Amino acid sequence: GENVEQHPSTLSVQEGDSAVIKCTYSDSASNYFPWYKQELGKRPQLIIDIRSNVGEKKDQRIAVTLNKTAKHFSLHITETQPEDSAVYFCAASKRGNQFYFGTGTSLTVIP
Amino acid sequence: EAQVTQNPRYLITVTGKKLTVTCSQNMNHEYMSWYRQDPGLGLRQIYYSMNVEVTDKGDVPEGYKVSRKEKRNFPLILESPSPNQTSLYFCASSLVSGGFGYTFGSGTRLTVV
Chain A
1 GENVEQHPST LSVQEGDSAV IKCTYSDSAS NYFPWYKQEL GKRPQLIIDI
51 RSNVGEKKDQ RIAVTLNKTA KHFSLHITET QPEDSAVYFC AASKRGNQFY
101 FGTGTSLTVI P
Chain B
112 EAQVTQNPRY LITVTGKKLT VTCSQNMNHE YMSWYRQDPG LGLRQIYYSM
162 NVEVTDKGDV PEGYKVSRKE KRNFPLILES PSPNQTSLYF CASSLVSGGF
212 GYTFGSGTRL TVV
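Top line first, the protein sequences correspond to chains A and B.
The opening position of the first sequence corresponds to residue 1 in our numbering, with each subsequent residue numbered one higher.
The opening position of the second sequence corresponds to residue 112 in our numbering, with each subsequent residue numbered one higher.
Just chain A, with the same shape it has in the complex (with noise of 0.2 Å):
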């Protein structure tokens, strides 16, 4: 099955830095990446997703890139504001298949 791989583990970032949180995936065909967002003591929430036909996606401060041949996607959040910390997971599928989670990555925005 897909193996997805999410670095850093955790991230510290002054407030209006950027931040930049990397995966990696395993299984070629893949061609749907999602992010989420947790917030502590609440549920996982969708912030962004990028399929595979596509290499780069943006949405306000928050844009995602997709290296197909390398298998990494990146998300990437400028311009960073304390209500950005929380726990970021990435996730890979195909049509047909299960979501494979990274292990999320703990981004700390420092005011």
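Calculated directly from the structure, the hints in this document are not laboratory data.
Predicted, not measured: the structure shown is a model, and the values here were computed from it.
Pairs of lysine to aspartate or glutamate residues, derived as EDC-like cross-links and limited to a Cα-Cα distance of at most 20 Å, are as follows:
(1) B:K168 to A:E2
(2) A:K22 to A:E79
(3) B:K180 to B:E141
(4) B:K176 to B:E164
(5) A:K94 to B:D170
(6) A:K94 to A:E56
(7) A:K42 to B:D149
(8) A:K37 to B:D149
(9) A:K42 to B:E112
(10) B:K182 to B:D167
(11) B:K129 to B:E190
(12) A:K68 to A:D27
(13) B:K129 to B:E173
(14) A:K22 to A:D84
(15) B:K180 to B:E190
(16) B:K128 to B:E190
(17) B:K176 to B:E190
(18) A:K94 to B:E141
(19) A:K94 to B:D167
(20) A:K37 to A:E15
(21) A:K37 to A:E83
Following the hints, position chain B against chain A.
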């Protein structure tokens, strides 16, 4: 409102006492799944269901059962809970398996003493 509803939110029980955590979605999603979340281990899949009457084991199925008799409901059953099943549990659903994002329930914090 489109949502996944889990009950109960919190549960403390004793070893060996059978319990059921309910999960219901109102989005007509085909795919439903149960995860447990433990510190440092991320989200681990327990069971999943691609459609009514179709269920399969995830990565950590031991000690759990599920059923999918109706499209909207996917209960998680612990026949004989043990302390190592103390965890935070999430139910999630998706339009179809893979290819679309999950909607997660609000979670069930289970403590087995």
